[in-house]
Each structure stands twice: as C-alpha cells, then as structure tokens.
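Residue numbers (the numbering used here), protein chains in the order written: chain A, 1 to 115; chain B, 1 to 110.
Some hints could be false.
The list that follows gives simulated cross-link-like pairs (lysine-lysine, BS3-like), each with its CA atoms no further than 30 Å apart [stated by the list, open to error]:
(1) B:Lys-68 to A:Lys-57
(2) A:Lys-9 to B:Lys-81
(3) A:Lys-57 to A:Lys-9
Hints were generated in silico from the structure; no laboratory data involved. The structure presented is a predicted model; accordingly, all values stated were derived computationally and were not measured.
Okay, here's what each chain looks like letter by letter:
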Amino acid sequence: DSGVTQTPKHLITATGQRVTLRCSPRSGDLSVYWYQQSLDQGLQFLIQYYNGEERAKGNILERFSAQQFPDLHSELNLSSLELGDSALYFCASSPRTSGGYNEQFFGPGTRLTVL
Amino acid sequence: GQNIDQPTEMTATEGAIVQINCTYQTSGFNGLFWYQQHAGEAPTFLSYNVLDGLEEKGRFSSFLSRSKGYSYLLLKELQMKDSASYLCAVSPNYGQNFVFGPGTRLSVLP
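Pulled out of the complex, with its shape left as it was, chain A reads as follows (with noise of 0.2 Å):
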C-alpha cells in the first residue's frame, strides 16, 4: 500500500457525459501527479500540480481539467467523454517539487470504461 488513495476503484458512463476523479496523496507529500494508462499503452502524464498549483503539463486534451485543493487532494475531470478516453486514470504523489531525489508513490488507479 503505498499511502496514496484514488476513488472511485471503478466507473462505467456514457459518451457525452462528465466525471471526476479523486486522489488523496501520501500524508506529507506536496506533488500531485495524473497519468493515462490506456490498454497496452505505457503510462503517458497528464498534469502535475504542486502545494495547489499546477507545475506541469502533459498530452492533457482540453476536455479535461484538474485542480488540487488547499488540504492537498486533487480532481480530475473528464468531460464529453469519448470511447477513447476508456483507460486506467492514475494519480501519484512526491514529497517535493524540486531538488533530488522525487519518487513518486502510485495510487491504485481508476479505470474508467466508457460505452
């Protein structure tokens, strides 16, 4: 268990419709990081976000957004889905932004099917 928790563990919707995604980081860590797993594909980074703000941006499409809150939980949000947007959302966390040594704790994941 590495201390990062991702809610929910499963969603099933509809082309079209709307859905947000939730993480908990490690307790102490600061960096809050999305990736994409689609089938068989390698984990491509979506957005990172820093003490609530973001820091970075990946392959993240316009119809989705993010944010991370003051008690440093974050969204994902996902909008007009898409069948291809079906794919295993992970979150990961790090103790920092900068300087050394950042290894990032993944979360479980959530996969989202879209029919």
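Since chain A is already given, all that's left is putting chain B on it; use the hints.
For chain B alone, coordinates are given in the frame of chain A:
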C-alpha cells in the same frame, strides 16, 4: 523532445537472470527510475540511479551510463511472480514529471 526506448516483450525461465535495457534521449536528466507493474495494478518503485554505475538491491540491480543515455535492470533468480511489465522512467528536470518508456512485458516460464 523526450524519447525512451525499451524492448516490448521478453521471456525468461524461472531461476535465470534477465537484463532489460532502456535507452533515453531527454532534454535534461535528474535521475532514472525503474518501476514494476503487474497487469491492472499500480506501478511500484524498484530502483533509482542518478550517477553512473550499478545500484544493487537484493535480486534486482540497475545500471546507468549517462554519457550513453543507457540503463538496464538486472533481475536474478527469477521467480514466477516477477512476470510483469517493467517501466523505465526519466526525470528530465528538478521536480518535473517523469517521462515513462513504453514498458517491457516480462514473462517468466517454469
């Protein structure tokens, strides 16, 4: 741009040794990580290299050559439970997101 390359699949026998290679070309370098991922599960940390050389951790070792943009993960005394995907990830800059390679799916046969 950022590019990380790994073999797609490898097969080895229980009890054997296997070496999984990773080559990278990134805009910067602040460390290379290896993660293990079983199907449908979260990646779990295996090793970290930031200086050239070999880091050993039980049955797992990882090597780095920064000048060659090359790393390998060495798994000894393979067990069936080592069947998983192995992900190579580079941290290009301080505090930046990781760039993950496509992963190598390892199958350990009896």
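To see whether the hints hold, each was checked on the structure:
1. With a C-alpha separation of about 28 Å, the suggested pairing of B:Lys-68 with A:Lys-57 holds against the 30 Å cut-off.
2. Note on A:Lys-9 and B:Lys-81: the hinted pairing holds, with a Cα-Cα distance of about 24 Å set against a maximum of 30 Å.
3. With a CA separation close to 24 Å, the supplied pair A:Lys-57 and A:Lys-9 stays within the 30 Å bound.
Violation of the numbered hints given earlier is absent; every hint is satisfied by the structure.
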